[in-house]
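Full structure from sequences and hints, please.
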Amino acid sequence: MNIRETLARMRGSPSLQAGAACLAALLLVVFIGPYFCPFDPDAIDFSVAMAPPDGTHWFGTDNLGRDVLARVFAAGRIDLQIAAVCVALPFAVGSTIGAVSAYVGGVVDAIVMRIVDVVWAFPFYVLVIAIVGSLGPSIGNMYLAFTLVVWISFARIVRGEVLVARRLEYVQAARVLGFGHGRIVLRHILPNVIAPAMVFAMSDVILTILGVTSLGFLGLGIQPPQAEWGLMISEGRNFIFDAPWISLFPGLAIIYVGITFTLIGDGLDDLMRAKP
Amino acid sequence: MEVLRFSLIRLLQLVPVLIGITIVSFLLLRVLPGDPATLILGNRGSAEDIARLKAQLGLDAPLWRQYLSFLADILHGGFGRSIAYRQPVGALILDRMWATLALVGLSTVIALAITVPLATIAALNKDRPADLLIKAFFVVAMSMPSFWLATLLVLLVSLHWQIFPVSGYGSGFFDRLHHLLLPAIVIALATAALTTRTLRSSIIAVTRADFIDTARAKGLCGRSVLLRHILPNSLISMISVFGVHTSWIIGGTVVIESVFGIPGLGYLLVSSISARDYPMVQGLTVTFAILVVAINALTDIAYAIADPRVQLSS
Amino acid sequence: MSAPVLDIRHLRTSFGGAKARVAAVDDVSFQIGRGEIFGLVGESGCGKSATCRSIIRLFAGARATIESGQILFEGRDLAPLREAELTDIRGAAISMIFQDPMTALNPTMKIGQQIAEVLKRHQALSRSAPRARVLELLAEVGVPNPAGRIDSYPHEFSGGMRQRVLIAIALACRPKLLIADEPTTALDVTVQDQILKLILRLRREIGTSVLLVTHDLGVVAQSCDRVAVMYAGRIVETGTVRQLFARPSHPYTRALIAALPSTGSRRPLTPIGGAPPSLTAPPTGCRFHPRCAVAFEACAQVLPPAVAVEDGHSSACLRAADGP
Chain A
1 MNIRETLARM
11 RGSPSLQAGA
21 ACLAALLLVV
31 FIGPYFCPFD
41 PDAIDFSVAM
51 APPDGTHWFG
61 TDNLGRDVLA
71 RVFAAGRIDL
81 QIAAVCVALP
91 FAVGSTIGAV
101 SAYVGGVVDA
111 IVMRIVDVVW
121 AFPFYVLVIA
131 IVGSLGPSIG
141 NMYLAFTLVV
151 WISFARIVRG
161 EVLVARRLEY
171 VQAARVLGFG
181 HGRIVLRHIL
191 PNVIAPAMVF
201 AMSDVILTIL
211 GVTSLGFLGL
221 GIQPPQAEWG
231 LMISEGRNFI
241 FDAPWISLFP
251 GLAIIYVGIT
261 FTLIGDGLDD
271 LMRAKP
Chain B
277 MEVLRFSLIR
287 LLQLVPVLIG
297 ITIVSFLLLR
307 VLPGDPATLI
317 LGNRGSAEDI
327 ARLKAQLGLD
337 APLWRQYLSF
347 LADILHGGFG
357 RSIAYRQPVG
367 ALILDRMWAT
377 LALVGLSTVI
387 ALAITVPLAT
397 IAALNKDRPA
407 DLLIKAFFVV
417 AMSMPSFWLA
427 TLLVLLVSLH
437 WQIFPVSGYG
447 SGFFDRLHHL
457 LLPAIVIALA
467 TAALTTRTLR
477 SSIIAVTRAD
487 FIDTARAKGL
497 CGRSVLLRHI
507 LPNSLISMIS
517 VFGVHTSWII
527 GGTVVIESVF
537 GIPGLGYLLV
547 SSISARDYPM
557 VQGLTVTFAI
567 LVVAINALTD
577 IAYAIADPRV
587 QLSS
Chain C
591 MSAPVLDIRH
601 LRTSFGGAKA
611 RVAAVDDVSF
621 QIGRGEIFGL
631 VGESGCGKSA
641 TCRSIIRLFA
651 GARATIESGQ
661 ILFEGRDLAP
671 LREAELTDIR
681 GAAISMIFQD
691 PMTALNPTMK
701 IGQQIAEVLK
711 RHQALSRSAP
721 RARVLELLAE
731 VGVPNPAGRI
741 DSYPHEFSGG
751 MRQRVLIAIA
761 LACRPKLLIA
771 DEPTTALDVT
781 VQDQILKLIL
791 RLRREIGTSV
801 LLVTHDLGVV
811 AQSCDRVAVM
821 YAGRIVETGT
831 VRQLFARPSH
841 PYTRALIAAL
851 PSTGSRRPLT
861 PIGGAPPSLT
871 APPTGCRFHP
881 RCAVAFEACA
891 QVLPPAVAVE
901 DGHSSACLRA
911 ADGP
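Protein chains in written order, with my numbering: chain A, 1 to 276; chain B, 277 to 590; chain C, 591 to 914.
Hints listed in this document are in silico derivations from the structure and should not be mistaken for laboratory results.
Given the structure is predicted, the values throughout are model-derived calculations rather than measurements.
A virtual CB, placed ideally from N, CA and C, is assigned to each residue, including glycine.
Each hint should be verified, as a subset may be incorrect.
[To be verified] Taking lysine-lysine and the DSBU-like style, the derived pairs with C-alpha atoms no more than 35 Å apart in a straight line are:
hint	chain 1	residue 1	chain 2	residue 2
1	C	K787	C	K700
2	B	K402	C	K710
3	C	K609	B	K402
4	C	K700	C	K766
5	B	K402	C	K700
6	C	K766	C	K787
7	C	K609	B	K411
8	C	K710	C	K787
9	C	K766	C	K710
10	C	K700	C	K710
[Stated by the list, open to error] Ranges of calculated distance between the beta carbons of each label pair, as one might list FRET restraints:
hint	chain 1	residue 1	chain 2	residue 2	range
11	A	N63	B	K402	44 to 50 Å
12	A	L186	C	D806	52 to 58 Å
13	A	L64	B	I299	44 to 50 Å
14	C	L859	B	L409	55 to 61 Å
15	C	S716	B	R281	37 to 43 Å
16	C	S868	B	L503	37 to 43 Å
17	B	N401	C	S868	29 to 35 Å
18	C	P895	A	E5	41 to 47 Å
19	B	G498	C	T780	35 to 41 Å
20	A	A195	C	V897	57 to 63 Å
21	C	S716	B	E278	33 to 39 Å
22	B	N401	A	Q223	46 to 52 Å
Here's what the structure looks like:
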């Protein structure tokens with residue numbers, strides 16, 4: 001599908017337009033913004049510590065005099081990148097496992113579903129925290145933890161879709177034409193069933209951001225003095241009475257990301273429904 | 277008694293899942309890089325210390341035998357001894373479980389209290405300003421990190437207005453309730469964001485049902501139709517919805533207990549991880565999973581009792 | 591004829607918002623006498639259900655407006671009444687039963703309670719009285735073993751039994767008018783027959799007038815005294831059942847009767863060509879003229895008025911005067 005078609009389809013959903021605009025703004029601000037921001041997120045300056053938001057420091061400064069706005073941007077870069085991978089990996093792994101499991105069926109499918117049921121029984125935060133906590137707080141470990149836990153949601157969705165698609169005529173036609181199973185699943189079935197998984201991926205971004213920042217908040221994620229939204233909120237708790245802005249702004253940033261992806265998710269949902 | 281038989285069958289179906297849970301918890305620490313002994317002792321142990329601890333923990337035996345002894349430990353009511361607390365893990369868990377259960381229970385009640393009225397208003401005003409407002413409210417609520425909301429609420433309500441305590445668990449029933457209220461509200465808000473959407477759809481679907489026509493043709497006023505026909509049929513689906521979200525509510529306690537200093541299982545998990553208390557972590561993950569599974573089974577049974585259409589005898 | 595129970599005059603009901611208004615009921619007029627079973631016949635989408643729902647203003651979620659006309663029930667116009675006043679009439683003076691008995695009962699409430707509900711709404715009864723009355727009603731509509739079934743749930747009943755329960759609910763307060771919107775369409779043929787006989791018997795015993803909506807001419811022939819034929823939101827012919835079947839005047843009525851399969855003969859079925867018109871852009875003039883075998887130029891220009899064919903029998907066709 002080329003760009004023009006995509007843009008035309010997008011016109012059908014105001015949610016999607018709004019969400020895409022928010023996302024574009026977010027990425028622009030977070031990645032390009034720093035070039036315009038006069039402050040270094042790590043620069044310590046006790047003379048301006050705990051300064052409330054004003055003309056110079058739009059979001060104020062923290063207890064070490066670091067500019068909160070700059071840190072929110074820097075944290076955004078890291079959090080968004082981690083979240084992107086922590087959604088993409090389970091999406092890829094889970095969708096593949098779900099598709100294969102549904103396509104092959106039989107014992108393989110039964111085993112995979114039992115594994116899904118068991119992993120599903122553990123609350124998300126419990127497993128992720130246990131894995132990251134045991135392995136140590138590094139970005140790689142976060143990728144591993146999220147992948148190990150979140151793949152089941154995608155697997156379930158894609159499996160459901162493939163179970164239906166498996167019986168449809170275009171699959172039978174492909175078999176008759178002699179295409180191998182792998183090719184059928186990858187090139188014929190998957191593109192058609194991937195849409196609900198993509199819609200879920202958008203809400204998963206929100207869950208992931210909340211998860212990553214929770215880890216940071218608990219001290220199990222990104223370590224100081226790196227800027228990370230959850231970490232900033234945690235650090236700001238000690239000064240919540242005197243300088244609430246330290247914790248306030250990172251939280252607002254997270255909410256903004258959440259709203260953005262909710263809009264995109266709803267928009268994708270609209271598009272899916274509008275399909276003939 | 278059909279209910280009893282149904283319950284027993286349902287509980288028996290749990291056994292494979294329970295076994296699976298123990299396997300996952302067991303593997304959690306065994307297949308991760310580095311063996312537990314090295315992880316536990318870290319830099320503090322010499323090679324001899326590590327070797328001794330390995331033997332002590334039975335880590336030199338083949339994997340399957342380690343699993344069986346792990347299973348045996350569980351069935352004897354323990355998960356070993358906590359490294360940090362120097363007490364049996366099982367006893368500690370039992371001790372701290374009640375705070376978490378109280379928090380979960382209170383959160384569920386508050387979530388219900390938020391969900392039912394808001395979903396009803398949203399459904400009855402579908403696509404009108406009230407509906408859109410409620411939707412927008414929950415979009416924000418769902419995107420909000422619970423620990424952030426908790427921090428701000430504490431600032432406002434506990435520090436400025438001084439209505440609620442900042443942290444801790446209190447003593448005595450009403451004092452405990454007082455302490456748990458704020459944390460429960462935070463968890464409930466996040467949960468309500470999900471359940472309200474589902475209940476709203478359910479109410480809208482029921483409102484369009486044929487039997488509502490019949491009810492209105494009897495001359496019943498709108499309020500009677502709502503209370504006696506629409507809500508009872510929608511609320512039954514709520515039982516299973518809350519069952520599904522149990523995992524979410526229980527998971528929410530992990531972070532919130534740490535924020536508010538409530539001595540429950542979540543707080544224990546976080547502190548155990550920081551302290552590298554692996555027997556504790558293992559025991560806790562199994563406990564959490566069992567809690568989720570047990571509550572799910574209970575909601576299934578509750579649903580079967582509530583909906584007259586479900587045949588209790590197979 | 592004594593004063594009619596229901597007298598509808600030039601009723602016009604439209605659906606939809608500002609953008610797409612559809613007049614589902616367009617200038618409909620008919621009368622139902624005391625104790626009479628009046629049939630309203632037509633294809634799906636012709637506006638019969640909309641007419642019924644307009645009478646007691648019970649639209650299921652759709653945005654509908656009664657734009658003009660009068661709905662005179664025992665001389666009192668229902669159209670301008672407020673909702674609070676209508677709820678006193680529904681279930682007591684005018685009752686309605688709907689098409690699908692399988693979904694028309696609350697699945698989580700015992701049927702005894704559902705019947706008692708309408709009694710408690712309209713009658714001041716003592717605490718124990720409803721139960722006794724419910725048992726009587728169940729016996730009246732022919733539900734076997736009422737004492738044993740009164741505490742059962744709907745899913746424990748068959749379709750025919752559920753329809754009987756619904757009729758019990760509708761007749762519990764002895765209404766003057768029962769509106770039955772396709773009450774037998776979703777039922778098996780043998781059960782259909784039982785339900786129709788039940789309605790006839792209850793009419794005899796209680797004296798309720800019935801507005802029976804159906805698309806099945808066989809049902810009309812079996813149960814109705816008088817009948818009106820509807821097409822595309824308008825009434826095209828009205829008369830007694832005998833008159834309609836013996837001397838159908840409107841081409842649509844004739845086509846409907848001709849399309850009925852007849853037992854014993856092996857002639858091929860003659861369906862009506864074409865399709866019912868869309869109500870958003872109806873044909874000009876007579877709505878039926880594009881499908882009519884005897885239409886001429888004026889038919890496309892003028893909405894034919896109802897013309898008396900014989901005493902009590904009228905037809906809205908420019909050719910009505912021509913005779914059979």
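Hint check results:
1. C:K787 / C:K700: With Cα atoms ~26 Å apart, C:K787 and C:K700 stay inside 35 Å; holds.
2. B:K402 / C:K710: With Cα atoms ~31 Å apart, B:K402 and C:K710 stay inside 35 Å; holds.
3. C:K609 / B:K402: Judged against 35 Å, a Cα distance of about 19 Å means the pair holds.
4. C:K700 / C:K766: Holds - the C-alpha atoms of C:K766 and C:K700 are around 27 Å apart, at most 35 Å.
5. B:K402 / C:K700: holds (30 Å)
6. C:K766 / C:K787: Holds, because 19 Å separates the two Cα atoms, which is no more than 35 Å.
7. C:K609 / B:K411: Holds, at roughly 26 Å.
8. C:K710 / C:K787: Within the cut-off at roughly 28 Å; holds.
9. C:K766 / C:K710: OK: C:K766 and C:K710 at ~19 Å, within 35 Å.
10. C:K700 / C:K710: The hint holds at about 15 Å.
11. A:N63 / B:K402: 44 to 50 Å: holds (49 Å)
12. A:L186 / C:D806: 52 to 58 Å: holds (54 Å)
13. A:L64 / B:I299: 44 to 50 Å: About 46 Å separates the Cβ atoms of A:L64 and B:I299, which means 44 to 50 Å holds.
14. C:L859 / B:L409: 55 to 61 Å: Distance hint for C:L859, B:L409 holds at roughly 57 Å.
15. C:S716 / B:R281: 37 to 43 Å: holds (41 Å)
16. C:S868 / B:L503: 37 to 43 Å: Holds, at about 40 Å.
17. B:N401 / C:S868: 29 to 35 Å: holds (31 Å)
18. C:P895 / A:E5: 41 to 47 Å: Once the Cβ atoms are compared, 55 Å apart, the range 41 to 47 Å for A:E5 and C:P895 is violated.
19. B:G498 / C:T780: 35 to 41 Å: holds (39 Å)
20. A:A195 / C:V897: 57 to 63 Å: holds (59 Å)
21. C:S716 / B:E278: 33 to 39 Å: holds (35 Å)
22. B:N401 / A:Q223: 46 to 52 Å: Given about 48 Å between the Cβ atoms, the range holds.
The structure does not agree with numbered hint 18 stated previously, though it agrees with all others.
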